[in-house]
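Engineer: In case you want the letters, here they are:
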Amino acid sequence: MPRLLKKRTQKIGLPPGTLIHIGDETMKDVKITVIDYKDDQFQEKEVLSLDECIPFRDKDAVTWIDIEGIHQPDVLEKLGHCYGLHPLVLEDIMATDQRPKMEDFGDYLFIVLKMIDYSENNGGPEIEQVSLILGRTFVISFQEGKEGDVFDPVRERIRTGQGRIRKMGPDYLAYSLIDSIVDNYYSVLERLGEEIELIEDQLVTDPTPAPLRVIHRLKRDMIFLRKSVWPLREVISGLERGESSLITDSTVIYLRDIYDHTIQVIDTIETFRDMLSGMLDIYLSSSSNRLNSVMKVLTVIATIFMPLSFIVGLYGMNFKFMPELEWRWGYPVVLIVMAVIAAWMLILFKRKKWL
Amino acid sequence: MPRLLKKRTQKIGLPPGTLIHIGDETMKDVKITVIDYKDDQFQEKEVLSLDECIPFRDKDAVTWIDIEGIHQPDVLEKLGHCYGLHPLVLEDIMATDQRPKMEDFGDYLFIVLKMIDYSENNGGPEIEQVSLILGRTFVISFQEGKEGDVFDPVRERIRTGQGRIRKMGPDYLAYSLIDSIVDNYYSVLERLGEEIELIEDQLVTDPTPAPLRVIHRLKRDMIFLRKSVWPLREVISGLERGESSLITDSTVIYLRDIYDHTIQVIDTIETFRDMLSGMLDIYLSSSSNRLNSVMKVLTVIATIFMPLSFIVGLYGMNFKFMPELEWRWGYPVVLIVMAVIAAWMLILFKRKKWL
Amino acid sequence: MPRLLKKRTQKIGLPPGTLIHIGDETMKDVKITVIDYKDDQFQEKEVLSLDECIPFRDKDAVTWIDIEGIHQPDVLEKLGHCYGLHPLVLEDIMATDQRPKMEDFGDYLFIVLKMIDYSENNGGPEIEQVSLILGRTFVISFQEGKEGDVFDPVRERIRTGQGRIRKMGPDYLAYSLIDSIVDNYYSVLERLGEEIELIEDQLVTDPTPAPLRVIHRLKRDMIFLRKSVWPLREVISGLERGESSLITDSTVIYLRDIYDHTIQVIDTIETFRDMLSGMLDIYLSSSSNRLNSVMKVLTVIATIFMPLSFIVGLYGMNFKFMPELEWRWGYPVVLIVMAVIAAWMLILFKRKKWL
Amino acid sequence: MPRLLKKRTQKIGLPPGTLIHIGDETMKDVKITVIDYKDDQFQEKEVLSLDECIPFRDKDAVTWIDIEGIHQPDVLEKLGHCYGLHPLVLEDIMATDQRPKMEDFGDYLFIVLKMIDYSENNGGPEIEQVSLILGRTFVISFQEGKEGDVFDPVRERIRTGQGRIRKMGPDYLAYSLIDSIVDNYYSVLERLGEEIELIEDQLVTDPTPAPLRVIHRLKRDMIFLRKSVWPLREVISGLERGESSLITDSTVIYLRDIYDHTIQVIDTIETFRDMLSGMLDIYLSSSSNRLNSVMKVLTVIATIFMPLSFIVGLYGMNFKFMPELEWRWGYPVVLIVMAVIAAWMLILFKRKKWL
Amino acid sequence: MPRLLKKRTQKIGLPPGTLIHIGDETMKDVKITVIDYKDDQFQEKEVLSLDECIPFRDKDAVTWIDIEGIHQPDVLEKLGHCYGLHPLVLEDIMATDQRPKMEDFGDYLFIVLKMIDYSENNGGPEIEQVSLILGRTFVISFQEGKEGDVFDPVRERIRTGQGRIRKMGPDYLAYSLIDSIVDNYYSVLERLGEEIELIEDQLVTDPTPAPLRVIHRLKRDMIFLRKSVWPLREVISGLERGESSLITDSTVIYLRDIYDHTIQVIDTIETFRDMLSGMLDIYLSSSSNRLNSVMKVLTVIATIFMPLSFIVGLYGMNFKFMPELEWRWGYPVVLIVMAVIAAWMLILFKRKKWL
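Protein chains in written order, with numbering that gives the first Met the number 0: chain C, 0 to 354; chain Y, 0 to 354; chain F, 0 to 354; chain U, 0 to 354; chain P, 0 to 354.
I should point out that these hints are in silico values taken from the structure, not numbers from a laboratory.
A hint or two may mislead.
Note that identical chains are pooled: a pair holds if it fits in a single copy or bridges any two copies.
What the hints assert, rightly or not - Below, in silico cross-link-like pairs of lysine-lysine (DSS-like), each with a Cα-Cα straight-line distance of 27 Å or less:
1. K226 - K58
2. K10 - K166
3. K226 - K10
4. K100 - K319
5. K226 - K319
6. K6 - K319
7. K6 - K30
8. K10 - K37
Work out the full structure, taking the sequences as your base and the hints as a guide.
Structural biologist: Shown next, in the form of structure tokens:
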């Protein structure tokens with residue numbers, strides 16, 4: 000289960016702009032990949048030091064610098080110096096507990112997003128923060144460095160020149176990256192949706208504590224998903240409104256498409272939440288139903304056998320003078336009386352629909 | 000039951016505008032019907048290939064192209080080329096998990112709606128996506144291709160020239176189609192309303208698990224209906240505001256009428272939701288009541304017979320020296336004592352209103 | 000109980016503006032009453048055909064045409080023709096499932112309201128739709144034709160010339176009619192308020208299923224009232240904003256008064272809803288309390304008598320060699336032991352506050 | 000407990016502006032007090048008839064006319080005539096079921112407020128309506144006439160000339176009166192807060208029906224308080240916005256202070272509501288817990304003694320041929336067996352944590 | 000636990016601007032510290048009387064006067080006189096039940112904040128009110144005087160000249176103080192988050208009353224935190240909007256950073272609230288589950304042993320003529336019959352999944 004909160008206490012008291020990594024340290028080295036492309040040019044290489052990126056800075060082509068691993072302040076500092084990023088931006092990149100947001104710094108846009116992965120072994124969605132810097136000729140993406148990302152299809156499209164990506168600017172690249180992230184939400188939701196449908200079937204047939212635990216986990220997941228996706232809406236509507244000159248008109252229509260997807264994802268999350276709440280109500284009701292039927296069995300048994308036990312106890316008394324005991328037909332008569340009582344009780348319960 | 004989510008995973012990583020069908024493939028061939036009319040002209044034919052539609056494109060008359068089946072990308076591509084539709088529009092038409100929406104592309108409006116049918120065998124409302132393209136001289140409607148639609152009355156009115164439909168433009172045709180869809184919501188709501196009233200009566204008289212399951216299903220249906228109808232409000236208010244030159248003033252007043260209907264439908268859905276929630280509360284309360292009364296029966300039985308059983312057990316002991324056993328009136332006295340105890344208990348319970 | 004939904008299915012597929020009555024047919028003939036007044040003139044008559052109304056149309060005096068019964072399309076059509084009403088307006092008048100609304104057609108205002116009556120035999124509030132047409136010199140009111148209305152005091156004031164009504168225009172007449180309807184809401188709320196207070200007292204003293212059913216009915220009533228009154232707020236604030244030239248300034252201050260009343264009615268409905276929800280919670284809690292106390296009785300009885308029964312059973316065994324049975328004081332000792340056990344149990348329960 | 004609704008039915012059908020008292024008649028005579036002050040002048044007297052007030056009307060000094068008792072229409076009518084009040088204002092003053100509101104009539108402001116008192120004998124907050132008329136040189140306050148008011152400190156400050164009140168105009172007087180009323184809300188809330196804290200402690204230690212009833216009463220009180228205070232916010236923000244020329248700039252800063260207080264009061268009411276809801280949940284949960292522990296006791300007892308009783312019953316059978324009965328060590332062996340069974344059960348329950 | 004409400008009753012009736020301390024008196028003497036700095040100058044001293052502060056007033060350097068202890072009216076009065084503060088500001092500083100707020104008095108800004116500390120011995124977050132006066136060359140901070148504050152890192156940075164604080168104006172100092180306070184919220188939330196996670200684990204494994212009590216306490220804490228943090232959002236967005244000339248542009252970007260943090264804190268509080276509500280639901284459900292399983296044990300035991308006890312009781316009767324008793328194989332046959340019954344019951348329960 001994801002932790003509720005990331006440790007931030009270490010930052011208390013430090014001046015603003017101090018670069019401190021908040022989050023899990025997931026890999027030793029920072030991996031930097033540079034992809035540089037333009038119409039018919041294409042170049043991709045993994046660089047060891049940021050100095051190698053600088054030649055790309057002022058080139059005409061679109062440069063995408065992908066940085067995996069954000070725990071080394073010096074790497075970020077050098078980058079910030081080279082591309083003129085504000086210290087608070089660098090601070091936010093390193094703090095992985097940001098809300099999705101978009102900030103316009105004139106020369107560049109700073110975008111924070113959440114990449115969600117449904118990892119099997121984790122038993123729930125795992126959230127990784129992705130920050131994007133969209134400049135006039137470049138896009139810089141920062142990942143926490145967890146294994147795998149969702150950008151491979153974009154890389155492939157750049158490499159092969161498929162679609163229009165090679166013909167368009169860095170804003171379209173940024174759009175493509177955001178689109179990959181949002182698209183991936185669907186696959187997470189599909190997985191959760193399947194789980195919900197599974198639980199729903201179990202619920203009616205068998206209200207054991209097991210589904211309860213799954214419902215609780217799913218509700219928790221929904222809370223986290225919601226927190227990651229809700230602010231996204233504002234981010235993308237902010238981009239789409241096209242107030243920044245970094246976003247060209249031809250890209251805006253694509254952003255509108257992501258906006259629709261975001262709304263759809265939010266809608267689905269709300270639907271899931273509604274359904275999970277409903278399932279809890281049903282669970283409670285059907286558990287109380289079951290208690291009812293258990294208690295009816297108990298009551299029927301007790302109501303039938305308690306009077307009978309009393310009767311047999313009665314004739315087990317050792318009084319000297321109990322005329323019935325001496326009668327020839329005493330025993331059979333008592334047996335018949337008891338049978339009548341039991342039958343009468345059964346009919347009564349039948350009528351009350353307890354049986 | 001409708002699935003919670005349609006599979007969208009196959010699309011992940013593809014460039015925007017790639018035409019991939021999302022939804023159930025429900026028929027083999029795409030069925031294309033063209034209706035062309037103007038005041039006193041009228042022509043209707045089923046075409047085999049889209050090439051046959053093209054002559055209608057630039058004619059003065061109103062052309063309605065109805066396409067049933069949206070799973071063949073080539074059909075849509077050809078159409079998009081012919082009528083100048085944006086690739087993202089075609090992509091949205093093929094993806095049947097869209098929210099209802101309206102987009103203004105200047106030359107044409109793109110409208111997505113949900114047609115709802117209450118199918119008997121399905122045990123719940125079935126939702127089919129309908130997309131409309133409203134151009135200057137034409138309306139193109141896309142259906143998923145499930146059996147039956149709600150447009151027959153419109154077709155009939157065009158054929159017979161009943162009402163004003165033949166005298167008005169394509170915007171009025173689009174209005175008529177939307178109106179048919181919204182009108183049909185009423186019949187679905189009527190069906191659900193009847194079910195709710197039925198359950199309501201059962202609830203008070205007999206809280207078995209059966210109504211619980213029906214309530215759960217109805218709540219689920221409401222969630223889906225809501226999702227389909229809520230965004231409609233915005234869609235129609237967007238049309239009605241009359242910002243597009245494609246909507247004439249004389250049609251706006253009719254759109255206002257649909258707007259009222261949409262609000263009414265939303266109102267009704269909310270009312271149903273409120274009632275279903277209320278019913279669940281009542282169910283829980285009345286089930287807990289019933290448990291109470293079951294437990295009272297058990298307690299009364301136990302409270303009466305346990306002391307009596309103890310007494311008869313007492314005189315069933317085999318001690319050598321138990322004076323009572325030798326008494327002449329021992330047995331009758333014990334019987335009387337027990338009768339008194341039982342009577343006293345009954346009076347007590349009567350007073351506590353447990354009987 | 001009022002039905003959840005009125006049948007509207009019959010209308011599906013008909014062109015807009017088709018006059019079809021939606022609702023219960025409550026009387027055979029349409030009753031038309033005309034009241035014509037001006038300062039010192041006054042005329043009132045029941046007319047048989049609408050032709051008789053036409054002379055009043057162009058007169059200077061204020062004309063109030065009250066039409067009870069809206070199920071005859073021809074009556075409405077003739078009226079619509081005479082007063083220049085839009086077909087959609089006539090359609091809305093005949094459909095009694097409208098939401099309260101106000102539409103400005105320039106020459107006239109179209110207002111839909113709900114008149115609520117608390118009928119004894121119905122066991123709940125009964126809702127009747129009232130439509131008003133406010134023109135330059137006339138007011139036309141349409142009622143469903145259920146027995147009785149709330150307009151008698153207005154009629155009386157016109158007849159006697161009491162208050163300022165004879166001195167003012169048709170807008171003041173419309174205000175007076177709306178005011179009568181809103182005033183009547185108070186009497187309905189008073190009745191419901193009394194029921195709620197009655198139930199509230201019962202609740203604490205006696206949680207039987209009876210109050211549960213009443214609470215359910217009252218919640219249902221609230222849902223219906225709410226649906227009728229909430230939109231009224233918008234209607235009246237629309238009138239009061241005085242955008243129509245049909246509303247004179249001197250009437251606006253009176254409309255503000257109704258607006259206050261409407262807010263008050265809405266406030267009261269919300270208060271009632273809150274209270275009913277609270278009562279259900281209390282009901283559930285106090286029912287669970289009662290179960291607790293029932294179970295305590297059962298447990299106390301069982302805990303005391305089960306060990307005792309075991310002891311007496313023990314000495315009821317028929318083993319040959321049971322030394323206790325032969326002892327002189329065996330019986331009394333056992334009796335004392337059992338008394339001690341019982342006393343000890345009672346003290347224990349006393350301490351646990353179960354007794 | 001305060002009644003849910005005040006009787007308003009008597010007003011139905013009367014023309015607007017008819018003066019009818021709605022509320023409890025609490026005193027026989029109307030008590031009118033006039034305070035007239037200006038810098039160094041001060042005059043206070045109780046007048047018998049309104050005619051005596053008239054000389055103060057046009058004086059330069061600030062005149063405060065305090066009227067206790069609003070059930071005599073003639074008094075209000077005379078006043079209305081003298082100070083030029085609108086009939087609807089007089090009607091609203093007499094109807095004590097108004098919502099707090101502020102209306103600007105140009106020459107004067109009409110303000111309705113609720114004075115709340117926590118009376119011991121009533122067992123809950125008691126609400127009294129206070130209406131204020133703020134004119135150019137005068138303030139008229141109307142009270143329902145219940146015993147006591149919260150204005151004594153203001154009177155004292157005027158008499159002694161303490162603070163700035165004698166130096167400022169009628170708007171500051173009106174502010175002081177409103178401030179007294181809002182200040183008093185704190186004392187009511189403090190009382191309720193103490194009750195809530197008391198109940199909170201009881202809740203955890205002892206879930207009897209008693210706290211349930213108190214919680215219900217407190218929730219009810221909150222609903223009423225809320226209804227009285229929520230609209231106040233709008234009233235004061237309306238005054239503070241300073242659109243009326245009757246409010247001087249130097250007073251606005253004081254109104255902002257009351258505005259803060261009102262928000263604080265609303266905040267506190269919402270906090271209390273949240274806490275009461277939370278307490279009900281806790282109550283339900285802890286009551287269900289208690290049931291659990293009761294049932295465990297019962298089950299433990301039954302599970303231990305039922306098998307033992309069966310065994311002793313077994314050897315109480317009278318079969319002729321039961322070899323065990325003849326054995327020398329039969330009785331002790333059975334005793335040991337039973338002890339083992341009981342011990343085993345106890346260990347089992349211990350492990351299940353039922354003991 | 001913090002008290003729900005601070006005593007405010009003592010203030011009722013006093014003229015506005017009267018300085019009365021509302022809150023706990025936590026220290027005897029007021030402690031005043033003055034820090035005066037400018038680029039390369041730095042001076043810090045504890046002063047005994049406010050007269051010593053006055054020389055700093057008109058100096059060019061930034062002066063920070065920190066006042067711990069706000070219960071002495073004369074200290075505040077002198078200060079108010081010296082720095083020209085409005086009496087209502089002084090009143091608000093002394094009343095520690097303020098909501099966070101920001102008021103612009105032209106010459107200075109008045110800011111009220113809540114400093115939260117998670118004290119071990121208190122068992123919950125403790126709230127201390129901090130008021131800030133931001134003037135053109137000075138910042139005055141007022142603390143309630145509880146032990147410890149969160150400003151030490153700021154002091155340290157000023158002393159050492161670390162970061163940019165010495166180079167910037169009083170607005171940056173105010174920002175730093177607010178930032179310290181908001182940063183500290185994270186540490187409180189971390190503590191609460193850990194508690195919630197702990198409880199969450201307990202919940203599923205062991206639904207005893209203990210977690211219930213903790214959940215209740217945590218919900219209570221959330222209500223208080225929420226009350227303290229929600230209004231902060233408005234305060235900081237008010238500062239950030241930069242309408243006051245006291246806030247320089249270079250500081251605005253830092254305020255935006257705090258704004259993000261505030262949103263994050265609010266988000267986290269809402270998440271915690273959602274989780275606590277969810278946990279209560281789970282608690283209730285799992286408690287009802289447990290009851291179910293307890294009852295099943297009881298019912299199984301009773302259903303098996305009651306018939307058996309009846310049978311052994313039957314043959315314990317003392318009738319003279321009971322042929323079975325004489326049979327040679329009577330006893331073994333009865334034993335076998337009982338074993339069969341018991342086995343049959345067990346199989347039945349196994350199938351019903353009660354075992």
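Engineer: Work down the list of hints and note, for each, if the structure agrees.
Structural biologist: A quick look at each hint next to the structure:
1. For the homomeric pair K226 and K58, neither the shortest alpha-carbon distance inside one copy (38 Å) nor that between copies (48 Å) is at most 27 Å.
2. In this assembly of identical chains, the alpha carbons of K10 and K166 lie at most 27 Å apart only when taken from different copies (22 Å versus 44 Å within one copy).
3. Taking the shortest Cα distances, K226 and K10 sit within 27 Å of each other both inside one copy (23 Å) and across copies (25 Å).
4. With identical chains, the CA atoms of K100 and K319 are never at most 27 Å apart, being 95 Å at best within one copy and 90 Å at best between copies.
5. For the homomeric pair K226 and K319, neither the shortest alpha-carbon distance inside one copy (83 Å) nor that between copies (78 Å) is at most 27 Å.
6. In the homo-oligomer, the alpha carbons of K6 and K319 never lie at most 27 Å apart, since the shortest distance is 84 Å inside one protomer and 77 Å across protomers.
7. With identical chains, the CA atoms of K6 and K30 are at most 27 Å apart within one copy only, with a shortest distance of 24 Å there and 34 Å across copies.
8. In this assembly of identical chains, the alpha carbons of K10 and K37 lie at most 27 Å apart only when taken from different copies (26 Å versus 42 Å within one copy).
Violated hints, listed in ascending order, are 1, 4, 5 and 6; each of the other numbered hints is respected by the structure.
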